[in-house]
Amino acid sequence: MYWINGIASELCPTTAMTACLSSGKDNGIIQHTDQTTTQNDEDSNNITTSNNNEKPHRPTFSSSTHTIAMQPSYHASFFVSCTPQSIYLWSVKPTSILSFVKRSDKHVDEFGRNKSILWKPDGSSFVVLTEKNYLLLYLVLSYDQRSFDFEFPMNHHAYVTGPGEGQGSRTMLIKFRLAIRVDAGVSCGSCSDDTLIIATRKPAAIQCISWIPQQTNSTQTSVQQRLGIFVDHDEHVETMAYDKLMNISVWITNVGRVYFIQNQRQRRDSKSSTKSDSSIHSPVSPSAPSFTESVHWSGRCFHGNTTSDSFDSATCLAINAKFSLIAIGTESGAIYVYSVRNYTSTPILSHQMKLPAMTMASSTSKTQTNGTGNHTNGVGVSSSSTEPSSSTATDVPSSSTQQQQQQQQQHHSPPQKHHQVGAIQSLTWSLDGYALSAGFLGHGGLAVWSVYGALLCSMDDVEDLIDTEDGFTRVQDTYVQQVSSMFWGPGNHQLFVLSQNTQDQHSSHLYILPFAKSALTSFHNSDNARRGLLQMDDRLLLYNNGGDYQENNTNTIDPDAVAWTHILYPSMYITEHWPIRYASISSDGKFIAVAGKRGLAHFSTLSNRWKLFGNQQQEQQILVRGGLVWYKNILIVACEMLTSSSTHDSNKIYEIQMYSRDHNLDQAYILHTEPLNSVPVFMTICGNTLLVYTLDNQLSIYSVHYAEGNPPATRIDLVRQLSLSGIVARAARVRAISLFHGDCGDRIYSVDDITLSNILLLVDGKLMMLSPKFPSDDDDSDLTEQQDSRSSNGHSRSGHWTYDLHVLMEEVEYYWVGQKSVANLWTSIWAVDGRGVKVFTNVMRGDGYGFQAFNKENMMTMESEPSTPTTPIGSGNGFQYRDIGARPYSLGYRIGIEPTSPHSQSWMEMEGESRWQTDLHQLTSKAIYIPLDFYPHAVLLDKGVIVGMEQNIIYRDTLGFLQYKTNTKTHLFIHHLIRNLLQQQLEEDAVVFARAYERLIYFGHSLEILLHTVLEEEAEKTPTDNQDAILPLVIRFLDQFPHALDVIVSCARKTEVALWDHLFASVGKPEDLFELCLTDGRLRTATSYLIILQTMQPLTTGGKDTIRLLQKAMDVDDYELCKELVRFLSSIDHTGRTLHEALSALQTRMAEKSNEPLQNGMDSVVQAMQDL
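Note that UniProt numbering has the sequence shown beginning at 1, numbered continuously upward.
Since the hints were derived computationally from the structure, they do not count as laboratory data. The structure presented is a predicted model; accordingly, all values stated were derived computationally and were not measured. Even glycine gets a Cβ: it sits at the ideal position worked out from N, Cα and C. Treat the hints with care, since some could be wrong.
Unchecked claim - What follows is a set of in silico ranges between Cβ atoms, one per label pair, in the way DEER data are often shown:
#	residue 1	residue 2	range
1	N664	L920	44 to 50 Å
2	D942	R715	29 to 35 Å
3	S571	L718	35 to 41 Å
4	G168	I348	45 to 51 Å
5	I954	I348	36 to 42 Å
6	Y929	K132	55 to 61 Å
7	P711	P213	55 to 61 Å
8	T1079	Y929	39 to 45 Å
9	I1132	I954	42 to 48 Å
10	E1056	D752	54 to 60 Å
11	D1028	Q1111	44 to 50 Å
12	G1081	Y749	48 to 54 Å
13	T219	R956	55 to 61 Å
14	R715	N664	19 to 25 Å
All chains, please: the whole structure from these sequences, using the hints.
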């Protein structure tokens, strides 16, 4: 979901300042002089600024460039960094210093050195906390003077600005306003809209101070010991955070406990609310703490709620309002993520995040006890590999050339070194809530997880790239070892990291790490979920799995052809409207649309051309809200129209607009406009059905009508409108909505389908299904009777339609509905969490689907090749060889009807009806979970493959810095679904489903994985635990395909000899299988069985079998196989007797053959024997 892509950039304040001052212009640089001494007198702050009428005053830079703190503004458009004596105001785009303050030595001596920073939420001011317990208040002022405009010697000089740099750097001024002394000492602080909240030391108290300088004396103080919140009487607050969206505070005390805090006044009001742990409802949000009202803190401990010292002490925290989560970093390096279900109950532990090094040493980790007393184990995460991984049993085999290229790029692999992971020093969620970055003190450096625990990248892997213990001293990227603080920039394309040098604690570095993110994080559109679309700061990355933008019909995936197509944003648009807020791709992959701060643009992958608004005024009037989707070549946009009179919410206009790709972007070419009554929050399209969810908790369902023409006649008609007030507490928590029909998935094309369709809802991380409830024949109730939005039995009701609520899965990051049907897999829902993918198959599918209907389109394909090399020595020719004319039923098992004729092709057909269905009460039991060691971003249903991404880190000693790339990884899912069907005793359905993929050359490899997995799992079980064994069913299933004998021998050769008895007890004796291969003419498969026989039989018996096979090879003139068999005999018989017998048999057979054209082949065999 988030991957580092490129090279980190380092920001140097001194270099940036020197560049600013070298132009000799007024840069708004200010400096405190020695006269700044008083506490409240503004006039005494003698601040000098430069202007155009006199020579600009150039401040003397601080001797110390050690950055000790960094803090972004609320929307991360600006950030402040400070050294012990200086303060820098930065803009994120363009990344430059806007203003600079250097405090005089006298000022520092009186008030103390800088320690930390707190921003006011509206960005108008910030506070610097000093070591002498002063709060230095600075105002951030903006004035109209383009001091950072580019200047060139010639006016016609052309230059290109980067993303978000079209307006240039804003001219900002830092003005010192006030110094507030806190005699009790300051340990930490946080901010609400109008109040500065600080925790004092002696006495330990919570103070609320006004941001308004004239009202700073009006404070509220609450002694911590009198609050009745803490477990121990001696605890005091060391770290605090306040979240504006959730109106909650979280405190960490000196002993490492964490407390969930809210306003006591609101707490009392919410006691009458109904408490339900199983629902997603929450009572009315608590009020924000304010100095204007009496604030009485209340709360409860949710991390470390025990009087013992067995809990993992907390060090830092981060609040995710988008998903209602609280992340807690600890001294052990583990992260505990808690879910805030409502405001009246204690947050509960959702999952843990740990580095792989910690997972391996989990036996020494402390056990964490949550607030309810339940012990929860850590969530397993997979490490991002820094070395090219070899082909495993679950991966599609990749070409050797690709692996060699990766190995040449990367440093040689040193021995594994796993140092103890340091404590977590900094945590920050991305602005969209989909990723969590963690900074470690010491080993661990930097790591990024997805919201529910998938490890996306980790600096812990860098240790494997360093060949010596002191190799880290040569790495210029100091963040690989220690991170002090960090934050995500706007658009979440950049991570700003402040790191300390482990060799010199008085040296620090500020870096920018570029990230590529999934388009789903911005807009959870159904088409975005099916296709791989990534966003970067200046471009889009489109996954291309076959050389073009269309899904091809080839029977393989060539790793060398897998690529990401780079689509640069139009510079005229991205410079003005960065960052991109929405990106949407059409279902066929032909068109892409994006929307930034204003306006929109769309791109054609066929013509490689963008279309923009020609009228800039029209572009500025459109603010896309809720998303934009494609219907054929029509772009549907949910937007807010900004006019000069729309300053108040009551005057704002919200509507749906429709544009044609074939026409220019202009309001004169709008095909249709549909007004909306509220702010659009989410929009998607299912077939020709448009879903629009608005802020008033209303879901509107429209039918899209389209008629060809120039321009095409297009309109949308409202079909239904549902209220979700009984299901969703806050509209902002809704991640995605879609319709789902049991027979056609999300391809809804008629009003009747809409009536019968279920509604899929992703709220926070909970995937739910609302299924319409229809009365039975015995039900005499009136469905048109108006009732409340939630009836007494817990069913959701909207108008006269009643819905049952079913929870499909928790901790879902995103999902998609399979748009294609593959054989008897008619519909499917794929849900992604932090560890893999859960598949719901044929949910609520109707009856009456015969197998004949599934086989018509899938059987006219060619057979696939064997999955593995079948020669004893594994030569390349053996891998490519395929026995022509091989047939199924080699072992005598048949599933289905008997053929009426020896030459019948009825083995490709199946009579009867499919029983592969999942009812609502079977959603959990029949779901298929596919664990993955990478993060998935697309599913190729027709290829049987899940495609994902993995972080790749490259380091070279000659460069001294790290390079970041993303590798595409694949995982076969065919065997997972087949095994699930066999466990349900659905053998016919398993065969029909598998035949849809028989054309793929890696189909045999998938069958081998199926057999290998079942064999290893069942062999480890005791006979009493093996009552549900499906190995015999797997063997019966394999025998329906020509691959059976090849799959069995290949699996045996890759399995421990101790498991052979268990395998061949179900398959049959290897001698019989060898005979079957000889009879059927599968000589190379029979050659593989020789290895099995040579291990299980005496040499004399194996030698005779080899001679028989040698004679068969001579009969078919396969002299290459003869040479391999001769070498095989030589390797197993050191006496030479068997080889002599083979030579005699060979000479006899050569005497019988007098064909001259074959003489060269026979001579090569003889020469091979003589060489031995």
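Hints, one by one, checked against the model:
1. One distance hint, 44 to 50 Å for the beta-carbon pair N664 and L920, holds here, with the actual separation near 48 Å.
2. As the Cβ distance of D942 to R715 is approximately 34 Å, the hint placing it in 29 to 35 Å holds.
3. Checked against the given bound of 35 to 41 Å, the beta carbons of S571 and L718, roughly 40 Å apart, stay inside it.
4. Here the CB-CB span from G168 to I348 is close to 48 Å, well matched to the stated 45 to 51 Å.
5. Remark: the range hint 36 to 42 Å for I954 to I348 is upheld by a beta-carbon distance near 41 Å.
6. Distance hint for Y929 and K132: a CB-CB separation of about 57 Å, consistent with the stated range 55 to 61 Å.
7. Range check, P711 to P213: Cβ separation about 59 Å, and the 55 to 61 Å hint holds.
8. Between T1079 and Y929, the C-beta spacing of about 42 Å keeps the proposed range 39 to 45 Å intact.
9. At roughly 45 Å, the beta-carbon separation of I1132 and I954 lies within the given 42 to 48 Å, and the hint holds.
10. Between E1056 and D752 the beta carbons are some 57 Å apart, a value that agrees with the proposed interval 54 to 60 Å.
11. For D1028 and Q1111, the Cβ-Cβ distance of about 45 Å falls inside the hinted range of 44 to 50 Å, so the restraint holds.
12. One distance hint, 48 to 54 Å for the beta-carbon pair G1081 and Y749, holds here, with the actual separation near 51 Å.
13. Against the hinted window of 55 to 61 Å, the Cβ-Cβ separation of T219 and R956 comes to about 56 Å, which satisfies the hint.
14. Taken as a hint, the range 19 to 25 Å holds for the pair R715 and N664, whose Cβ atoms sit roughly 21 Å apart.
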